[in-house]
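Place chain H on chain V using the hints.
2 protein chains.
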Amino acid sequence: MTADLLASLRPEASGAPASGIVELSKYARAAGDVIQLWVGEGDTPTPSFIYEAATRSLAAGETTYTWQRGIPELRQAIATYASDLYGRELSPERFFVCGSGMQAIQIAMTMVAGPGDEILIPSPTWPNAPAAAGLRGATPVFVALDHGNRGWQIDLDKLEAAITPKTKAMFINTPSNPTGWTATKEELAAILALARRHGLWIVADEIYTRFVWTEGSPRRAASFHDVREDGDRIIWVNTFSKNWAMTGWRTGWVEADPSLGDVVENLIQYSTSGSPVFVQRACAVALERGESFLAHQVAKARKARDIVSEAIEATGRCRFSRPDGAFYLFFGIDGVTDSNAAAMKLVDIAKVGLAPGSAFGPGGEGHLRLCYLRSQEQIEIAAERLRTAIPLL
Amino acid sequence: MTADLLASLRPEASGAPASGIVELSKYARAAGDVIQLWVGEGDTPTPSFIYEAATRSLAAGETTYTWQRGIPELRQAIATYASDLYGRELSPERFFVCGSGMQAIQIAMTMVAGPGDEILIPSPTWPNAPAAAGLRGATPVFVALDHGNRGWQIDLDKLEAAITPKTKAMFINTPSNPTGWTATKEELAAILALARRHGLWIVADEIYTRFVWTEGSPRRAASFHDVREDGDRIIWVNTFSKNWAMTGWRTGWVEADPSLGDVVENLIQYSTSGSPVFVQRACAVALERGESFLAHQVAKARKARDIVSEAIEATGRCRFSRPDGAFYLFFGIDGVTDSNAAAMKLVDIAKVGLAPGSAFGPGGEGHLRLCYLRSQEQIEIAAERLRTAIPLL
Numbered sequence: 001m002t003a004d005l006l007a008s009l010r011p012e013a014s015g016a017p018a019s020g021i022v023e024l025s026k027y028a029r030a031a032g033d034v035i036q037l038w039v040g041e042g043d044t045p046t047p048s049f050i051y052e053a054a055t056r057s058l059a060a061g062e063t064t065y066t067w068q069r070g071i072p073e074l075r076q077a078i079a080t081y082a083s084d085l086y087g088r089e090l091s092p093e094r095f096f097v098c099g100s101g102m103q104a105i106q107i108a109m110t111m112v113a114g115p116g117d118e119i120l121i122p123s124p125t126w127p128n129a130p131a132a133a134g135l136r137g138a139t140p141v142f143v144a145l146d147h148g149n150r151g152w153q154i155d156l157d158k159l160e161a162a163i164t165p166k167t168k169a170m171f172i173n174t175p176s177n178p179t180g181w182t183a184t185k186e187e188l189a190a191i192l193a194l195a196r197r198h199g200l201w202i203v204a205d206e207i208y209t210r211f212v213w214t215e216g217s218p219r220r221a222a223s224f225h226d227v228r229e230d231g232d233r234i235i236w237v238n239t240f241s242k243n244w245a246m247t248g249w250r251t252g253w254v255e256a257d258p259s260l261g262d263v264v265e266n267l268i269q270y271s272t273s274g275s276p277v278f279v280q281r282a283c284a285v286a287l288e289r290g291e292s293f294l295a296h297q298v299a300k301a302r303k304a305r306d307i308v309s310e311a312i313e314a315t316g317r318c319r320f321s322r323p324d325g326a327f328y329l330f331f332g333i334d335g336v337t338d339s340n341a342a343a344m345k346l347v348d349i350a351k352v353g354l355a356p357g358s359a360f361g362p363g364g365e366g367h368l369r370l371c372y373l374r375s376q377e378q379i380e381i382a383a384e385r386l387r388t389a390i391p392l393l
Numbered sequence: 001m002t003a004d005l006l007a008s009l010r011p012e013a014s015g016a017p018a019s020g021i022v023e024l025s026k027y028a029r030a031a032g033d034v035i036q037l038w039v040g041e042g043d044t045p046t047p048s049f050i051y052e053a054a055t056r057s058l059a060a061g062e063t064t065y066t067w068q069r070g071i072p073e074l075r076q077a078i079a080t081y082a083s084d085l086y087g088r089e090l091s092p093e094r095f096f097v098c099g100s101g102m103q104a105i106q107i108a109m110t111m112v113a114g115p116g117d118e119i120l121i122p123s124p125t126w127p128n129a130p131a132a133a134g135l136r137g138a139t140p141v142f143v144a145l146d147h148g149n150r151g152w153q154i155d156l157d158k159l160e161a162a163i164t165p166k167t168k169a170m171f172i173n174t175p176s177n178p179t180g181w182t183a184t185k186e187e188l189a190a191i192l193a194l195a196r197r198h199g200l201w202i203v204a205d206e207i208y209t210r211f212v213w214t215e216g217s218p219r220r221a222a223s224f225h226d227v228r229e230d231g232d233r234i235i236w237v238n239t240f241s242k243n244w245a246m247t248g249w250r251t252g253w254v255e256a257d258p259s260l261g262d263v264v265e266n267l268i269q270y271s272t273s274g275s276p277v278f279v280q281r282a283c284a285v286a287l288e289r290g291e292s293f294l295a296h297q298v299a300k301a302r303k304a305r306d307i308v309s310e311a312i313e314a315t316g317r318c319r320f321s322r323p324d325g326a327f328y329l330f331f332g333i334d335g336v337t338d339s340n341a342a343a344m345k346l347v348d349i350a351k352v353g354l355a356p357g358s359a360f361g362p363g364g365e366g367h368l369r370l371c372y373l374r375s376q377e378q379i380e381i382a383a384e385r386l387r388t389a390i391p392l393l
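Chains V and H are the protein sequences, given in the same order. Mapping of the first sequence onto full-length UniProt numbering: residues 1 to 393, in sequence order. Mapping of the second sequence onto full-length UniProt numbering: residues 1 to 393, in sequence order.
A couple of the hints might just be wrong.
With the Cβ distance kept under 7 angstroms, some of the chain V side facing chain H (calculated, not the full set) [said to hold, decoys possible]:
1) 13
2) 51
3) 100
4) 111
5) 115
6) 132
7) 135
8) 257
9) 263
10) 266
11) 270
Some chain V residues well away from chain H (every beta-carbon gap over 10 angstroms; in silico) [what the hints assert, rightly or not]:
12) 34
13) 49
14) 85
15) 87
16) 158
17) 185
18) 193
19) 288
20) 296
21) 316
22) 317
23) 366
24) 392
FYI, nobody ran anything at the bench for these hints, they're computed from the structure. Beta carbons are placed, not taken as given, at the ideal position from N, Cα and C, and that holds for glycine.
Chain V on its own, in the form it takes in the complex:
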């Protein structure tokens, strides 16, 4: 009976992959007292100056339906933040509030991906992007990032060679989860040139742009905003989650040419029909008053990156280079071919939980992902445990 129910569902739905981290996280939670470095979030709750805006809004009765595209105040706040960050005037009409960065990806994929389409995705990758393409009936086509002495790199020739008449879009995540690959401005220009030449869409996921470790401590990573012109086929997806410790708020935004506004609004209408006003009030405060909190987050991550990198280097058994961006260390371990088994063994012997690389698409197996957006104290304990335990794998 049960099998019959499952079998009668649409294959796009029943075939949607489960997260490759589930097994590890269940195992680690059951083990108890494990340092949790497998999830992509920090250890700081949302600061009070942000959440109190939601509290005030609730008390003011802002609990009814609202604008599908987001309240005007938040769209303006995003535009102001983005105009400043990218050094170019960006209209509020470009920004559309939605229910998480994930929902932004779902919306963007719905716009550009459907049955018969191929979507190019550099890999290793955050698995939810190809899964979202698959749910639209499209085929994710993985393009392997190279891993050498300079860390993870994109091979633009390989990217172009993967283009077929069916290719409709490229999903470009920079700085990248999980690899930390961070595109240069020149690479983004080259990717955009490919898109223009072949009439492809770019879904640009630059959510980690503030977490960048390249020389000179820039305020952000290179962005398609640095190279785009009006009329380019780019849809950005973004989130409040990482910068402002708001992972649990499930709010993000889509950025697209204003001419696509009605389409984005309709797709919001038919998914969550807008975001709670009281949540949006908090998001606006995060943008308007959150820079010093964000600077603190970035500094914490920078220090943690060095601490864990030194420990992993000290094992003498790991293949990696210090990432240029995001807040993950994605490293291979000599001799490890089953990353899920290795991650579970590290739970047992080190009481540290890392995400298995097998969860991150082709090229991920044999690696582990460590989220280092953690307090210095906790990261020092975890680093020391890993330094001792990894040679025992």
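Only chain H this time, still in chain V's reference frame:
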């Protein structure tokens, strides 16, 4: 350039219909000082005993990622509420929290509807259901409700005659928005028998079940829960919006056989990846302590239904019968063929905003929808204005 961007999107996305209420609502907002009866929500903000649970949760730092299926406490609260309401033991494993009733519909449609599939939908209908089917590449097939002396009725022979080899599911909304049609238990049994005979899924939208005006003041309308057996292909969609004045919270739930839990969880993962914990805390309180508030809402709607019905009857120009459920009056006006124009004229001459019937699928044109979940004072003013103005149309 702009046209080029739009033209290069997927047709499912660019073809998603805009809401048919947008023009009227813009017109009415611009007019100012209009009684807003075109939206499907009440005039009461979320009560403090509910929203204060969110405030406490925020202060406690519940702002990180959480269970994709919903926090265990809320799933248990839904199960307790539903077990009591339907008089049968329902396990928490059947319930999946998601970002609004709309998202529940999106998830259900993703499970059962795809390219090549036909989805039967009695019409007039809430337009977001067929739109969600269309976004999956499926074809909504409208089955006209009959409108006679007994109000809106379903013709089961017509429903069965609409089934083709491509039919995959039926979307059954009872009590219905906009018509108020409320299925009897016998009708639900007959619809379920059809589904069983033809191997169809039922997407059951019973969100208005507590707003029922049939004889004996029952606590709820008839439900597929009254007739189903294990193994039946039924997915319920539900929401906190209407019962507990939480339209702005964007939280609902899917109910399905536990064997489909992994699929539902994956579809939540790839849409919003879960709902905020602090929102879920408030939802749990609504279920656990919200019955007297809900009773007040229902009593208010019952009184308002009588007030507006008498006024509309008094015009002598309207075709309708008092609805058996939900909180809308959906009435035809003799001589009116352009409901959008009529609604705008009522804004001008009566300062009352109603939704044009054309927004509600085949059979809707020529009608207006009035939401009567309003204070007695406001509904009396609106009723009096409409009594005077409708004969002038």
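Going through the hints against the structure:
{"no.": "1", "hint": "13", "result": "holds (5 angstroms)"}
{"no.": "2", "hint": "51", "result": "holds (4 angstroms)"}
{"no.": "3", "hint": "100", "result": "holds (5 angstroms)"}
{"no.": "4", "hint": "111", "result": "holds (5 angstroms)"}
{"no.": "5", "hint": "115", "result": "holds (6 angstroms)"}
{"no.": "6", "hint": "132", "result": "holds (5 angstroms)"}
{"no.": "7", "hint": "135", "result": "holds (6 angstroms)"}
{"no.": "8", "hint": "257", "result": "holds (6 angstroms)"}
{"no.": "9", "hint": "263", "result": "holds (6 angstroms)"}
{"no.": "10", "hint": "266", "result": "holds (4 angstroms)"}
{"no.": "11", "hint": "270", "result": "holds (5 angstroms)"}
{"no.": "12", "hint": "34", "result": "holds (16 angstroms)"}
{"no.": "13", "hint": "49", "result": "holds (12 angstroms)"}
{"no.": "14", "hint": "85", "result": "holds (24 angstroms)"}
{"no.": "15", "hint": "87", "result": "holds (23 angstroms)"}
{"no.": "16", "hint": "158", "result": "holds (25 angstroms)"}
{"no.": "17", "hint": "185", "result": "holds (24 angstroms)"}
{"no.": "18", "hint": "193", "result": "holds (17 angstroms)"}
{"no.": "19", "hint": "288", "result": "holds (19 angstroms)"}
{"no.": "20", "hint": "296", "result": "holds (16 angstroms)"}
{"no.": "21", "hint": "316", "result": "holds (34 angstroms)"}
{"no.": "22", "hint": "317", "result": "holds (31 angstroms)"}
{"no.": "23", "hint": "366", "result": "holds (25 angstroms)"}
{"no.": "24", "hint": "392", "result": "holds (30 angstroms)"}
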